[in-house]
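Peer 1: If you read the sequences in order, they're chains A and B.
Per my numbering, the first sequence runs over residues 2 to 230.
Per my numbering, the second sequence runs over residues -5 to 367.
To be clear, the hints were calculated from the coordinates, so they are not data collected in a lab.
Just so you know, even glycine gets a beta-carbon here, dropped at the ideal spot from N, CA and C.
Where hints are given, some of them may not hold.
[To be verified] From the structure, some residues in chain A lie toward chain B, with a derived Cβ separation under 7 Å:
(1) Val151
(2) Leu154
(3) His189
(4) Ile226
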Amino acid sequence: MSAIRIVRIHNELLGTYGDQGNAEVLAFRAKFHGISTSIIDVTYEQALPRNGNIFLLGGAEDAAQLLSLEALKREKTLEGAIGDGAVLLAVCAGFQIIGNTFWADGQKVDGLSLLDVESSPGKKRCVGEVKAKTSILNLDLSGFENHSGVTTLNSGVQAFAKVSSGYGNGDGRFDGAVVGNVFGTYMHGPILARNPQLADLILTRATGSAFNQISDPLASKYAEIARKY
Amino acid sequence: MRLAVSLKLAKLMGYLSRKLLHKSGETIPGKVLLTIYPRALIVLSQAREIALVSGTNGKTSTTKALSEVVSQLGTTVSNKTGSNLDRASATTLMSPSQYAVLEVDELYLPRLIAETKPRVVLLLNLSRDQLHRMHEVKRVAKRWKAAVDAAPDTVFVGDVDDPFIGYALSDAANSVRVSFGGRRHGDGAVCPACGKYLQWNRDNYSCSCGLSNKNFDLERRAGLAAFRNAELANIAGAVLGAPSISFAPAVLERVIERKVSGIDCSIRLVKNPASWSEALTSVKGESVVLILNARQVDGLDTSWLWDVSFEALRGKNVAICGERAIDISYRLHVAGIENWLEADLPGALTHFNGASSVEVLAAYTAFFKLVSS
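Required output: the full structure, derived from the provided sequences and hints.
Peer 2: Below you can see the structure in the form of structure tokens.
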């Protein structure tokens, strides 16, 4: 594969917590791997491209989250692209959107059901640093969470990471969920900036080819330092 | 305890904290006073005219400006240094005066409105800041609207080009809605009033629910934040009957000049996406230092760095320091903007030997450390 298309979905709505940086980090890491990329920003009023290779959803306030969901429900593009092997990374409000149900502005709504999880309002807001280990890469991750949702995984669903510090899905045990190429997490940072190896994994999944380790000392140093925040 | 006794005790504690702990004495007396006399704000604000200033950015300089305007009318007290929680207000009000101009933290504003019954409140802007504490911009705007609606005797002056301010003022009994001809808002995609997708026509917003920056009472020409805040200070002063004045640039810019390691540094306070963007547009020279911390008042989460365009720094000499320097260094690295990562400001300045002046953009806690040194 020569070029991959990174689709940043509704950043004007889902851009409250800096998650748009995930797209930039993917494009940057891809360069090291010799892959060319394009970042395609899709707004609420536009249709998603069916031929995207990586789709990104970010964190948002309630009203924005509902608008994004409404736009995504207008079409089945995301579901179709994932069926064809595209990768989806959904953070925070985006993670809730791709679950079965979640709450926003006091109402329970049906999500896209790309992950078999349910989110509901928690008693307290989960704010602060998260440290977790993801089973996919056996990799220590760090991020920053800021949400009041509690997400429960239905039986058989794999958590994205095991939490060692912070709240994750609300109970302090696990963060996010993962099925195939669909990743959900509560971690901001942005998560791919603070954990560049995860960006590499997503690129591997999107291209179907394994990469050699790349050398970007600043990225490695940042990941290491951020794990101590 | 009676007020007079409480005041004496609070003043004594303030004196001791200054003498023994070398603190500024801006918060301790007020904190003591509010603990032993919880109604202090209510009582101390009676029999004087109160003006409050709040917003995400520009509070301190605009409070200074409004204080200058109001001083024309009579004795005026003000918290001018940026301390803006309820205790700082209480400390300020411990000194007698005819007028008080208070800078107020966004989350404390509803309490200050309810307790001090201000004649005028100036609402500057709302955007993302310290989200670990504010959580969501809408949440703050909603609290403001409730406070505005509950204070029919107060005149609210606000910049309605900011949709959150337009929303907060949408049902105000007494307001002066000011427009500077419209301005895009980084967090303005959703109508704060009804939750629909907000329609933007170039720099102007409107929603089918009726929220629009075209519903203004006064229109002023467009300008940078410092200009807008000066206009707003004069408009708020006029509510109290004060004539307009023109301000010295030093009043409106949160910039200080310091010589560090023999180099003249212009140090500017930056703290969130909106203020970073504003500051980056005003970088003039080729030598720039960025200082990033992430303590409570800076905001614990630095994710927002990815929402700031640093393009203005491309091709310049950029050195970065501070407790979270690496966060911003990596951000620029990914954007392809070269930078030097250093441990501290003197280290950063070694890259600029021979430069006549260096511009420094410093996060809140870094800024105050430099100001007080």
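Peer 1: For this structure, which hints from the list above don't hold up?
Peer 2: Of the numbered hints, 1, 2 do not hold.
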